[in-house]
Amino acid sequence: MNGVHDMGGMHGMGPIRHEENEPVFHEKWEGRVYALNRALNAWKKWNIDAGRYAIEQIPPADYLRMSYYEKWLVRNIALLVEHGLVTQQEIDTGKPAPGSAKATPPLTLANVAAAAVRPGYARPDDAAKARFQIGDRVRARKINPTGHTRLPRYARGREGVIDRHHGIFVFPDTNARFEGEHPQHLYSVRFRARELWGESASPRDSVYLDLWDSYLDHA
Amino acid sequence: MADHTESLDRRGFLKRAATGAAAASVPVDMHAQDHDHDHQVVPSDPALRTRALESLLVEKGLVDSAALDAVVDMYEHRIGPRNGARVVARAWVDPAYKSRLLANAGPAIAELGYAGAQGEHMVVVENTPKLHNLVVCTLCSCYPWAVLGLPPVWYKSAPYRSRAVIDPRGVLREFGTELAEDVEIRVWDSTAEIRYLVLPERPAGTEKLTEEELAGLVTRDSMIGTARVASGRGGKR
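Quick mapping for you: the protein sequence lines, in order, are chains A and S. The opening position of the first sequence corresponds to residue 2 in this note's numbering, with each subsequent residue numbered one higher. The opening position of the second sequence corresponds to residue 136 in this note's numbering, with each subsequent residue numbered one higher.
Here chain A stands alone, though its shape is the one from the complex (with noise of 0.2 Å):
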């Protein structure tokens, strides 16, 4: 979707604001949102990929305005009541309802470290076939679609090489919907500063895209 996270290029942000010794987490709260999302990861109730998609939805305004953590806050709300492991009267009361019954949690002390390694999101055994190779002219498809995409606004109808091949990977436009894991070939796409940004860039610079076969063709 074009939403307002999708920000690389814009402007009037405002400064880069650098903190010296900045803690992990600057309020407890903070901690707890984070580690709860990695224990309500663990329900596999919902992907990476759908994670993102909810915080995308967040009104513009709002996920401007919003802390970091507070957008997680108010996607795993969102997630949890959309795949039904609480109800909506539950958030609202903050009690579970009358006589609902007590879930084993997945995540546990017993296990947590182990839980920390994951499998990750290469697919290398799966039969999709590679359409570019390294070295190959690329334009980014000017794809606008309504639901997740990886594939930044600022790059969608540029000219770049492929780089690097980077092997076989989930790709999160499905797998945000729940439409399944359709693996394909993943690159790393070069696009020239000067072929993004006009003529205000340096000729020397470049910046890196790992794009999916999809989100591409022959240039």
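If you're looking for bench data, these hints aren't it; they were derived computationally from the structure. Just so it is clear, CB atoms sit at the ideal spot from N, CA and C, and this is done for glycine as well. Certain hints may be false.
[Said to hold, decoys possible] Derived EDC-like pairs: lysine to aspartate or glutamate, alpha-carbon spacing no greater than 20 Å straight-line: (1) A:K103 <-> S:E194; (2) S:K195 <-> A:D93; (3) A:K46 <-> S:E189; (4) A:K45 <-> S:E189; (5) S:K291 <-> A:D63; (6) A:K130 <-> A:E182; (7) S:K195 <-> A:E91; (8) A:K96 <-> S:E189; (9) A:K29 <-> S:E189; (10) S:K291 <-> A:E28; (11) S:K291 <-> A:E23; (12) A:K29 <-> S:D204; (13) A:K96 <-> S:D180; (14) A:K96 <-> S:E194; (15) S:K195 <-> A:E83; (16) S:K291 <-> A:E20; (17) A:K45 <-> S:E255.
[As the list claims (entries may be wrong)] Label-pair restraints from in silico Cβ distances: (18) A:R18 <-> S:D208: 23 to 31 Å; (19) S:D180 <-> A:N3: 27 to 35 Å; (20) A:P204 <-> S:A238: 25 to 33 Å; (21) A:M2 <-> S:S366: 40 to 48 Å; (22) S:G196 <-> A:G13: 41 to 49 Å; (23) A:K103 <-> S:D208: 23 to 31 Å.
[As the list claims (entries may be wrong)] A short list of chain A residues far from chain S (calculated; beta carbon distances all over 12 Å): (24) D127; (25) G136; (26) R138; (27) R140; (28) H183.
Chain A is already provided as a structure; the job is to place chain S on it using the hints.
Relative to chain A, chain S alone:
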């Protein structure tokens, strides 16, 4: 058209969720009124909303508080930029390790015992006197947790995400890193599940330092690419 409708419904849902968690401490009838209004409801303290959510989820048996404590402890005390610094120092002192790291970063990083979430698919890119690498995630906040821990606020912020790709030299200048015109910049926008770590240049005058001392010089920012490594302990970035 179906997409559009779903999107609008989802947005309405997220808007309710944005204010809904606050309602744990608000009478239900007041909350119902909030739903009927289209204006932005002033959010309550996220700390309260988080506590209410955790308490509900524990009571329902959906999460285990002790596991949450352990996750927080893991990222506050064990998984952080010191991990990445040890990878960099090893690469500086051991050319064979450096070759393995640049060719296939995951197994080389695992040799030092580092693995886990957001470190499953690692690529290491090397800075040289004529080439500078900078890592960003313009779409969200992708970051190599396994070697750098959780990202600083600025990395996840709109100013960095918006400008790193269009004005990397300006961004670097804001971090106090001036690059000569003849240095090539490569910006890595983490649009997939590949996570990037910059191998910064080893500073001159560090020939006599031990691997552990070298690791002490390597800053988080130098492994994101917004800074260089200084030969003395100039700062903690």
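Evaluated hints:
1. A:K103 <-> S:E194: Roughly 8 Å between the alpha carbons, so the hint for K103 of chain A and E194 of chain S holds.
2. S:K195 <-> A:D93: holds, 15 Å
3. A:K46 <-> S:E189: Cα-Cα ~18 Å, so holds.
4. A:K45 <-> S:E189: OK: K45 of chain A and E189 of chain S at ~18 Å, within 20 Å.
5. S:K291 <-> A:D63: holds, 16 Å
6. A:K130 <-> A:E182: Judged against 20 Å, a Cα distance of about 15 Å means the pair holds.
7. S:K195 <-> A:E91: holds, 10 Å
8. A:K96 <-> S:E189: holds, 11 Å
9. A:K29 <-> S:E189: Holds: K29 of chain A and E189 of chain S sit about 13 Å apart, inside 20 Å.
10. S:K291 <-> A:E28: holds, 17 Å
11. S:K291 <-> A:E23: holds, 13 Å
12. A:K29 <-> S:D204: holds, 11 Å
13. A:K96 <-> S:D180: Distance ~19 Å between K96 of chain A and D180 of chain S Cα, so the pair holds.
14. A:K96 <-> S:E194: holds, 8 Å
15. S:K195 <-> A:E83: holds, 17 Å
16. S:K291 <-> A:E20: Holds, at about 13 Å.
17. A:K45 <-> S:E255: Holds: K45 of chain A and E255 of chain S sit about 18 Å apart, inside 20 Å.
18. A:R18 <-> S:D208: 23 to 31 Å: Between R18 of chain A and D208 of chain S, where Cβ atoms are some 27 Å apart, the hint holds.
19. S:D180 <-> A:N3: 27 to 35 Å: holds, 32 Å
20. A:P204 <-> S:A238: 25 to 33 Å: For A238 of chain S against P204 of chain A, whose Cβ atoms are near 29 Å apart, the range 25 to 33 Å holds.
21. A:M2 <-> S:S366: 40 to 48 Å: Between M2 of chain A and S366 of chain S, where Cβ atoms are some 47 Å apart, the hint holds.
22. S:G196 <-> A:G13: 41 to 49 Å: holds, 47 Å
23. A:K103 <-> S:D208: 23 to 31 Å: Cβ of K103 of chain A to Cβ of D208 of chain S: about 26 Å, so the range 23 to 31 Å holds.
24. D127: Correct as stated: the minimum Cβ-Cβ distance to chain S is 15 Å, above 12 Å.
25. G136: holds, 17 Å
26. R138: Holds, because the least Cβ-Cβ distance between R138 of chain A and chain S comes to about 18 Å, which exceeds 12 Å.
27. R140: holds, 16 Å
28. H183: Nearest chain S Cβ is 14 Å from H183 of chain A, so the label holds.
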